[in-house]
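Participant: Below are the chains, spelled out letter by letter.
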Amino acid sequence: MTKVNSRFTSLFVTIFVIIFMYLPIVMLVTMSFNASRYGGKWTGFSLKWYETLFRDHSVINATMNTLFVALMATIFSTIIGTLAAWVLNAYKNSNVQRLHYGLIYAPLVVPDVLMGISLLLMFVSLKVDLGLTTVILAHITFCVSYVAFTVLARLQDFDFALIQAAQDLGAGSFRIFIKIILPLLLPGIIAGAMMAFTLSMDDFVVTFFVGGPGSTTLPVKVYSMMKHGPPAIINALSVVFMAVTFTVAIIGNVLLRKKSSPSRAVAQH
Amino acid sequence: MDFFELGNLQKYFGENHVVDDASFCVKRGEVFSLLGPSGCGKTTILRMIGGFEEPDGGKIFLDNEEITNLPPNKRKINTVFQNYALFPHMSVRDNIAFGPRTSGIKEAEVEKMVDEMLEIIRLKDLGDRMPANISGGQKQRIAIARALINKPKLLLLDEPLAALDLKLRQYMLLELDRIHDEVGTTFIYVTHDQGEAMSLSDRIAVMNNGKIEQIGTPAEIYENPKTRFVASFIGDTNFFEGTVTENIDREYTKIDMVGLGEYPAYNDKKFEKGDRVTVSIRPEKFSIFMKEPGDNLNNCEGVVEDIVYQGAQTRYWVRVKDYRINVVMQHNRCSLDFKQPTWGDKVWVAWHRDDVTLLESPH
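Going down the list, the sequences are from chains A and B.
Quick note on this note's numbering: the first sequence kicks off at 1 and runs consecutively.
Quick note on this note's numbering: the second sequence kicks off at 270 and runs consecutively.
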């Protein structure tokens, strides 16, 4: 009896959580297909908001900006983050690296508002013109931490005897990096990159502070449209935006899971 | 100059003198073992030969060439690592092919070499498996193949059987021996297991606390240990303290064994009258008699305290005054011409004067 009960309870909780988390999203998606201009009442299925959306140049512009910023932020933060993780792992007993660890960790817990203000202050005092460049720099700043921690987790499983084995078999540093280190760390690096990409795409707060003319990204666009445009377009825009984010996140997850399993199994032996 | 030479090698880890003036030579085609308890410095020596650790002093020569300061990838030496260190993201074939591919050999030739190696280690069907999907013994052989395919002048094996269970270990020992016979490469083998070292090696260096205590064939080391440590580390033994009382002739001497009395002993180390010595007698060198044996055997009287039956043999502990003497007796009709001793029996423990090893006393 208790077994049936507990099963029922866990099912109930699961359903409740799913409803709690996804009901707003389901409503958003539904409403984006609603013919009514202001939502609330269902007046029939329509794709006209999507049509309007794709004809709006500023939206397309914002999308391009978002993708460009996300791509740049991903590339640079992945390189910097991976190197940071390597150094953190290689010299984990040095005091400098303990400080480094703390500094890398901080952006994960510092509120976005604080980060945004401090970056803005810095850019202003350095007299840097606010625009795409400052947005990209800001995004790199917080993405590095996420990449570093994802790769670091992967490095903790890494068997350094493999490097010696490769050396023993005649390989030089470059070959060891290409043939051994990179393939084994790649799932972690890709997962970190995916995370950086989605974080950068999603970011509103920091972008809002450090953005300038011509650097409007999708989240900022959505916010400004809330004030002016018809809400239904925002629904459609949000759905498109969400779809892209989800796709990237899911690909990242699948890659991480698939690639990590064989070497984990080895590490346990 | 020998094929491989290690001259006065030194290594410190901080304050620790982990390798203290190690020197030895290895002949071409030999299986040479470094044997000692964990932490004795044997693996550190191996890592210095492989190039993974820099010596703080001394020189290493291989085939008339000094290699002391060459990086690992420039030495004609390959290593079988303790936990195999197979590349988890490569198939068995790709693992074995890593060396030849690195040295730029043509792919067709590489394939042929890999096939040949798989043949030698008798794992032809496993080429396409991933390392995660093969057993420990198979990984072991693949690690050996991956090293041997480069035709090294010297193969280093770091506790290669330590991770395997007993049955597999015995099987792999025979396999290693067979592979060595087949390829004829010079092996340097590191182990803490005296059984492995004894059955595989042509010669053994016994190490303790960073020092090489003795180098010799397995029989020399077992029958004629040079130090107290070697005598106790290789096999079992009984130690007695004593003093040389009189040199009988050039070969034999009389020893006053503390608490037991005076007995003649073979004296190959030329101890002089008055020298304090440790007498080592192995358990199987003793025999137990139910009545006093003849004059040609050294003997003393005691009481059986403990008996452990071990199938092929029985181990007795006989109390003789302050000593508990460990005796091993084989079971067969030839030697058991008396009834088997049991707990509390009064017996005579006897040994031959030639079966005694005299060692320098630590006191």
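Read the hints as simulated data drawn from the structure, not as lab findings.
We put the CB at the ideal spot given by N, CA and C, even for glycine.
Treat each hint with caution, since some may be false.
[Unchecked claim] Distance ranges between label pairs, derived from CB positions:
# : chain 1 : residue 1 : chain 2 : residue 2 : range
1 : B       : ASP384    : A       : GLN156    : 51 to 59 Å
2 : B       : GLU520    : A       : PHE160    : 27 to 35 Å
3 : A       : GLN156    : B       : GLY453    : 51 to 59 Å
4 : A       : THR9      : B       : GLY464    : 57 to 65 Å
5 : B       : GLY464    : A       : ALA90     : 51 to 59 Å
6 : A       : PHE160    : B       : THR486    : 49 to 57 Å
7 : A       : LEU108    : B       : ASN285    : 35 to 43 Å
8 : A       : PHE160    : B       : VAL577    : 53 to 61 Å
[Unchecked claim] Heads up, simulated SDA-like pairs for lysine to any residue below, C-alpha to C-alpha not over 20 Å straight-line:
#  : chain 1 : residue 1 : chain 2 : residue 2
9  : A       : LYS179    : B       : ARG370
10 : B       : LYS343    : A       : ILE189
11 : A       : LYS179    : B       : ARG497
12 : B       : LYS328    : B       : PRO341
13 : B       : LYS343    : A       : LYS227
14 : B       : LYS560    : B       : GLY543
15 : B       : LYS422    : B       : PRO341
16 : B       : LYS495    : B       : GLY530
17 : B       : LYS328    : B       : ARG297
18 : A       : LYS179    : B       : ARG438
19 : B       : LYS590    : B       : TYR521
20 : A       : LYS179    : B       : VAL572
21 : B       : LYS343    : A       : PHE177
22 : B       : LYS590    : B       : LYS608
23 : A       : LYS179    : B       : MET526
24 : A       : LYS179    : B       : ARG297
25 : B       : LYS539    : B       : GLU570
26 : A       : LYS179    : B       : TRP617
27 : A       : LYS179    : B       : GLY373
28 : A       : LYS179    : B       : ASP397
Participant: All the hints need checking, so say for each whether the structure fits it.
Facilitator: Taking the hints in turn, this is what the structure says about them:
1. Between ASP384/B and GLN156/A the beta carbon distance is about 38 Å. The supplied range of 51 to 59 Å is therefore violated.
2. At about 56 Å, the CB distance of GLU520/B to PHE160/A disagrees with the hint of 27 to 35 Å.
3. Checked against the given bound of 51 to 59 Å, the beta carbons of GLN156/A and GLY453/B, roughly 42 Å apart, lie outside it.
4. Range check, THR9/A to GLY464/B: about 59 Å between beta-carbon atoms, so the 57 to 65 Å window is met.
5. Against the hinted window of 51 to 59 Å, the Cβ-Cβ separation of GLY464/B and ALA90/A comes to about 39 Å, which falls outside the hint.
6. Between PHE160/A and THR486/B the C-beta distance comes to about 37 Å, which lies outside the given range of 49 to 57 Å.
7. Separation of LEU108/A from ASN285/B is about 40 Å and conforms to the stated range, judged on CB atoms against 35 to 43 Å.
8. Between PHE160/A and VAL577/B the C-beta distance comes to about 45 Å, which lies outside the given range of 53 to 61 Å.
9. About 11 Å separates the Cα atoms of LYS179/A and ARG370/B, which keeps this hinted pair within 20 Å; it holds.
10. Restraint check for LYS343/B and ILE189/A: the C-alpha separation of about 31 Å exceeds 20 Å, so the hint is violated.
11. Between LYS179/A and ARG497/B the CA atoms are separated by roughly 50 Å; this puts the pair beyond 20 Å, and the hint is violated.
12. The straight-line distance between the Cα atoms of LYS328/B and PRO341/B is roughly 15 Å, inside the 20 Å bound, and the hint therefore holds.
13. The suggested pairing of LYS343/B with LYS227/A is violated, with an alpha-carbon distance near 69 Å, which exceeds 20 Å.
14. Restraint check for LYS560/B and GLY543/B: not satisfied, since their Cα atoms lie roughly 33 Å apart, outside the 20 Å limit.
15. Our distance criterion of 20 Å between C-alpha atoms is met by LYS422/B and PRO341/B, whose separation comes to about 13 Å.
16. A distance of roughly 24 Å separates the Cα atoms of LYS495/B and GLY530/B; the hinted pair therefore is violated under the 20 Å criterion.
17. A distance of roughly 18 Å separates the Cα atoms of LYS328/B and ARG297/B; the hinted pair therefore holds under the 20 Å criterion.
18. At roughly 32 Å between alpha-carbon atoms, LYS179/A and ARG438/B are farther apart than 20 Å, so this suggested pair is violated.
19. Between the alpha carbons of LYS590/B and TYR521/B the distance comes to roughly 25 Å, so the proposed pair goes past 20 Å and is violated.
20. Between LYS179/A and VAL572/B, the direct Cα distance comes to roughly 68 Å. Violation of the 20 Å bound is thereby established for this hinted pair.
21. The hinted pair formed by LYS343/B and PHE177/A meets the criterion: a straight-line CA distance of about 18 Å does not exceed 20 Å.
22. Simply put, LYS590/B and LYS608/B have alpha-carbon atoms about 24 Å apart, too far for the 20 Å limit, and the pair is violated.
23. With a C-alpha separation of about 66 Å, the suggested pair LYS179/A and MET526/B falls outside the 20 Å cut-off, and the hint is violated.
24. This hinted pair does not check out: LYS179/A and ARG297/B have alpha carbons roughly 34 Å apart, beyond 20 Å.
25. A threshold of 20 Å between alpha carbons decides the hint, and for LYS539/B with GLU570/B the separation of about 29 Å lies outside it, so the pair is violated.
26. At roughly 69 Å between alpha-carbon atoms, LYS179/A and TRP617/B are farther apart than 20 Å, so this suggested pair is violated.
27. Among the hinted pairs, LYS179/A with GLY373/B is consistent with the structure: their alpha-carbon atoms are about 14 Å apart, no more than 20 Å.
28. Of the pairs offered as hints, the one joining LYS179/A and ASP397/B holds, with about 18 Å between alpha carbons and a cut-off of 20 Å not exceeded.
Violation of the numbered hints given earlier is confined to hints 1, 2, 3, 5, 6, 8, 10, 11, 13, 14, 16, 18, 19, 20, 22, 23, 24, 25, 26; the remaining hints are satisfied by the structure.
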